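J.: These are the residues of each chain, in order.
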Amino acid sequence: MEVQNTQLLRFTTAGSVDDGKSTLIGRLLYDSKSIFQDQLDAVEKSSQIKGFDYVDLSLLTDGLKSEREQGITIDVAYRYFATPKRKFIIADTPGHIQYTRNMVTGASTANLAIILIDARKGILEQTHRHAFIASLLQIPHAIVCVNKMDLVDYKQDVYDKIVEEFKEFSSKLNIKDVQFIPISALAGDNVVNRSENMPWYEGSTLMYQLEHVHIASDYNHVDCRFPIQSVIRPHTLEFQDYRGYAGRIDGGVFKAGDKIKVLPSGFTSTIKSVELNGEEIEEAFSPMSVTMRLNDEIDISRGDMIVRENNTPEVTQDIDILVTWMSEKPLQSRTKVFVKHTTNECISMVKEIKYKVDINTLHRIEDVNQIEMNDIARISIRASKPLFVDAYERNRYTGSVILIDEQTNETIGAGMIVNHNTSA
Amino acid sequence: MSNYMINHLRELESEAIFVMREVAAQFETPVLLFSGGKDSILMTHLAKKAFYPARIPFPLVHIDTGHNFPETIEFRDNLVKELGVNLIVGSVQEAIDKGRAKEETGVNASRNSLQIVSLLDTLEEHKIDAAMGGARRDEEKARAKERFFSHRDEFGQWDPKNQRPELWNLFNSKKHNGEHFRVFPISNWTEMDVWEYIKMENIALPSLYFSHKRECVVRDGVILAKSKFITLKENEEVVEKVVRYRTCGDMPITGAVCSEADTLEKIIEEIATTRTTERGTRADDKRGETAMEDRKKAGYF
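Sequence lines, in order, name chains B and R.
Each number in our numbering corresponds to the 1-based position in the first sequence with 466 added.
Each number in our numbering corresponds to the 1-based position in the second sequence with 73 added.
No wet-lab data here; the hints were simulated from the structure.
Here the structure is a predicted model, which is why all the values come from computation and not from measurement.
Be aware that one or more of the hints could be misleading.
What the hints assert, rightly or not - Straight-line alpha carbon distances no greater than 25 Å define the calculated PhoX-like cross-link-like pairs of lysine-lysine that follow: (1) B/Lys721 - R/Lys122; (2) R/Lys200 - R/Lys171; (3) R/Lys122 - R/Lys234; (4) B/Lys802 - R/Lys248; (5) R/Lys272 - B/Lys551; (6) B/Lys738 - B/Lys727; (7) R/Lys339 - B/Lys499; (8) R/Lys247 - B/Lys817; (9) R/Lys272 - R/Lys154; (10) R/Lys171 - B/Lys551; (11) R/Lys248 - B/Lys851; (12) R/Lys370 - R/Lys248.
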């Protein structure tokens, strides 16, 4: 029995304290009654000790001691709130250039990005950066909030000019769905309640957008991809010959009777059942975790992938990625790294750094010898075994990799696979 | 337009199962930390689903302070039997007896931070390389910054300023000898999600989560159960109250809430209108603004 059918929407907010980002989050949490009295008490107390004459809502989102001391957000903080329509997870990330890696992290799982613009300042370098990251990480939806409208007397021409300017530069980007909303997070205009100060704005409020944006198609339901996490073999009397393949569906729809192909072996079979906890699932799709059984006994292990015969990812050892560099140690070509892709991992070689992207102007910088922390660059990698890849644009889960330092074991890069063709 | 959509509870379930399966595949000696609370009971339920029809492929670890609610221990022992899993108990009393931990004194004495010693000793003794916990990011501000796969150095310490970035569903489990991971499969669940899921899946819970009569002591606004672990102050008196618990830690530090909610439906209704956080009843978090962050850095759950 399902108690209710609330959907989960994950969104990211990038920005700095001055943009009013914390105030906006505070407003969403407060107006949806997600801030508890004891949390508010604690924040009021801290604000008082610091000598503020207002309640600093950013103290709600800054979790670590050093963050509160310095009054900045260092890391990604996750926040939760719910309305009767949806559950929300906010990945709250700092917006400065030195935190690009955090923005990318927050964006990697988001359905939607909120891009905040201060109406008095208009479009800044930071706006370009946030829009570029939303585009790079293929966040399916973006809402541009022109904030602090109260400080420009709620004037339509100020808003219109910013919207025009944003549209012009974002035409070079790849954001599929962009909405614009004039708001004042501080005064509450168009956040949860419709503003009476801007009768010229006929669109919906931010909360309405968050509650109604169509997210069912955010996952790929076309290309069947099932990376194997492990093989379930109970070895009990009751389930003596049971062999189930455990994993999460990364794309497409699977059901009993479907003809499938296993990579890398190339063996084919049909699906006997898709189940979880012994209960059959009629149709399984992303992001469901399931156990799959086949009609033939085939040797399958972790790292293999079940796909459809007539729709396969590219099987290759050579991949090109757009990488966000996350380590203080710069990357040079001819460096060995671990690559993790779906449930596969292997040692690999960075063959070539092709170019770096200036994330403020989107210009390519060619002839670079190394890439540094927070740089975004296109590189070529040779893996020590074949990977089963799709372009990131087509599938976020079979199109992404992380790079791991061989010596320190740190995660040093996040990569989005480019230019690989799904043979459908 | 496609209609392939699952509800938020199924999505959170799917995420947690994915994480547990990654843990089982990526580590050699993982365990599931079991406190007897609703979150760890939920975790065992998810683990059962993740590996069915095979048994849960890792043992449960209970760090026993000796100050538990009797209901917790009884429930634990039944659950272990039912699931057919191994149980490892790390005893705080033993750590005290061996001189590894020093008991706090005074009326507010608690064995809460002493658990860190027993926990780290147990992990070391059994060479555990991944300990899964039921901590959630919505519980507390330091936990809001926690990763799914959280790296711990050879001293079991957490370095919150130097955490590995975590992208998509790619979890980095690489570590050096002697280091370990804490893994939090239900990071993204809220208290409400936990209760709604418990109701949806009809998961059994210890009786103390439901409204009952209990002899209590009210101290600093916190309703504590009368027990042999609590020393009364001069002006304090024992009163009978109708209460239930929202979280379940040690008897001397876990506050009850006055509540008539004796069914899951009523509990969910109560949580929907409540104005305090779940851990607001926990005396261990009230020891300062960064009480949780400080304990977590040292190796706490």
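J.: Check each numbered hint from earlier against the structure, then list the numbers of those it violates in ascending order.
T.: 3, 10
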